[in-house]
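Q: Protein chains in written order, with the working numbering: chain A, 1 to 340; chain B, 341 to 640.
A few of these clues could be false.
Claimed, not checked - Pair ranges (Cβ atoms, derived):
#, chain 1, residue 1, chain 2, residue 2, range
1, A, 22, B, 450, 42 to 48 Å
2, A, 195, B, 535, 52 to 58 Å
3, B, 429, A, 182, 22 to 28 Å
4, B, 601, A, 336, 55 to 61 Å
5, B, 411, A, 334, 35 to 41 Å
6, A, 318, B, 465, 38 to 44 Å
No wet-lab data here; the hints were simulated from the structure.
Glycine included, C-beta positions come from ideal geometry on N, C-alpha and C.
Below are the chains, spelled out letter by letter.
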Amino acid sequence: MIWLTWRQFRAAAAMMTAALAVLAAVLGLTGPGLADDYSTGIADCTTQSGGCSDFVQRFFQDHQDPFLAVTAVVLVLPALIGLFWGAPLITRELEAGTHRLVWNQSITRTRWLTVKLGLTGLAAVTVAGLGSLAVTWWSSPIDKAGAYDYPRIGPLLFATRGIVPIGYAAFAFALGVTVGMLLHRTLPAMAITLAVFLAVQIAMPLLVRPHLLAPTRSNVEITTSNLEGFGAPRNGLMQARAVAADTDAWLLSSHTVDASGHAVDTIPLSASSGPCSTSKLEPPFAACLAEIKRLGYRQQMTYQPASRFWPFQWYETGIYTALALGLAGFCFWRIRRRLS
Amino acid sequence: MTAVLQAQGLGKRYSRHWALTDCTLDIPAGRVVGLVGPNGAGKTTLLSLAVGMLAPTSGSIEVLGGRPGASPAQLAKVGFVAQGTPTYAGLSVTDHLRLGARLNPGWDDALARDRTGRLGLDPARRAGNLSGGQRAQLALTLGIAKRPELLILDEPVAALDPLARREFLQGLMEAVAEQELSVVLSSHLVADLERVCDYLIVLVDSRVRVAGEVEELLATHHRLTGPHRDPTRLPADQHLVAASHTDRQTTLIIRTDAPIHDPAWTVGQISLEDLVLAYMNKPTHTDTGRNDRPALEVQR
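Next comes chain A alone, as it looks inside the complex (with noise of 0.2 Å):
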């Protein structure tokens, strides 16, 4: 049964390695030259008067495009995976005929089945796992410098980076199969498998993900060291707001709160007159602040904080694995009562 499952998969399976190597050799050949860069530039630039805030921003606007790519590879590999690799696994048989064929050989369906899901669900977790572990080396001088408009935890770094595309790349393929096998057909198999697999993609970040551990919530006081700006005005009013401490945390909810702990749009203070009229308004804007603290206003926020990655990662792979679990046993449970 391995030869068979083997036989059927080495063409997707040396399709997929071929892609693999390519995107291996690539980053191979640029990875280390990207982090000399990046040390180095580090390096001279804390001895500068300007700190390496300039360095940073530069270093990782120059690489943003290959950053995106080698990310999109990472967030798309898992849903080729289920839709690829998946979906057809059963309905391919299926269509074909093919499965009246093999399951009457002197093996069970049960082995069958056991050899087909271990061995291809292997070579996906792996799959996602190196990719994953490629692009994560590759991309972390970039991920440094570019933590403020794509912290680690966020939802887009996240889920393309560590362990959890091996947890996304078992449920894809186990969603695949089987959707396969309830729907028998390879078209609508893998339409619907895309759909779910998206659906669960888009619903992990914005209604689980939050919640895995209790956000940190902090009401801090605007100041001139976490001011993130000044709005424009509107009405006439300001606004202003702060960031987090943790410039690497997921950041869920920020708002400005008053004295009352209301939240609030804007700060009735008059944008053309005052402390924090337009034409008063420069750095390091004191009076206005002072005059926003005098009046009671702070600003709120519940975030991840950038130290909860890891066990992130652990749980989410966690449950994405229980996922693809489940669906590998109601498959089991399936091809044996609902037969041909």
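With chain A held as given, fit chain B onto it using these hints.
A: Frame of chain A; chain B shown alone:
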């Protein structure tokens, strides 16, 4: 002799539709059994139940003394050539033989190679590029070379041209002769089965209409021709199978174990094809009383 297939009140329902109803069979070993019936009569359902591809809704079925498809040992004892003789289009002939060798502990590699060699199947050719007849032969080779005790074939020749049909059935009969196989094969054409079968099951509208040894069936079925008369007034030991009337003449197909004495009838032999057709025709309005129920089985 032991039975290769025993069914008791076997039934299979797909949601609301019964594909097979109250099927009771006892097929002895060493026979070539023809399962014949119109399309949609439940032949594939019965055979799928026999190989364990389907589970029965009601009743029970035992094949070679075991539950179909229950274990690798049971699977090894039963060969199956499914409808349309499916093969892996992307795999070569050699790959198929290797598949058979890997998945069947009792695989007879010499037999498989000999058969494909004699048939002139190019070992490197992909199954998708073989002709329909060659593909059917490849599927048959897989079924035979696993050395089953019972080989089940579902409409194996339905898609083949007459020449390929004959070659396929010839190959099947050679294997039967060499290996002491029991065979069950289905077809909606009696002509396919006539030459090869010694046991016949007629399945119509999800019910077994008649089952028995071909010789016995031919010996107990007669065509009666005579002046027009009401077929319900036949003697109790004569079972009406089919009746047709013209203004003056009545033709009946009846089953009886006893000699026919009524001088009004001209008694004629019927061919297997006539017999099957008689059972396949749905009961007409002239069939009343006892003839509404399915005909009883003819046991050996």
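Q: It remains to establish, for every hint, whether it holds in the given structure.
A: How the hints compare with the structure:
1. Separated by about 46 Å at the C-beta atoms, residue 22 of chain A and residue 450 of chain B satisfy the suggested range of 42 to 48 Å.
2. Distance hint for residue 195 of chain A and residue 535 of chain B: a CB-CB separation of about 54 Å, consistent with the stated range 52 to 58 Å.
3. Taking 22 to 28 Å as the suggested C-beta distance range, the pair residue 429 of chain B and residue 182 of chain A conforms, at roughly 24 Å.
4. The beta-carbon spacing between residue 601 of chain B and residue 336 of chain A, approximately 58 Å, falls within the hinted interval of 55 to 61 Å.
5. As the Cβ distance of residue 411 of chain B to residue 334 of chain A is approximately 20 Å, the hint placing it in 35 to 41 Å is violated.
6. Distance hint check: the CB atoms of residue 318 of chain A and residue 465 of chain B are about 48 Å apart, inconsistent with the given range 38 to 44 Å.
When the structure is compared with the earlier hints, violations turn up for hints 5, 6 and for no others.
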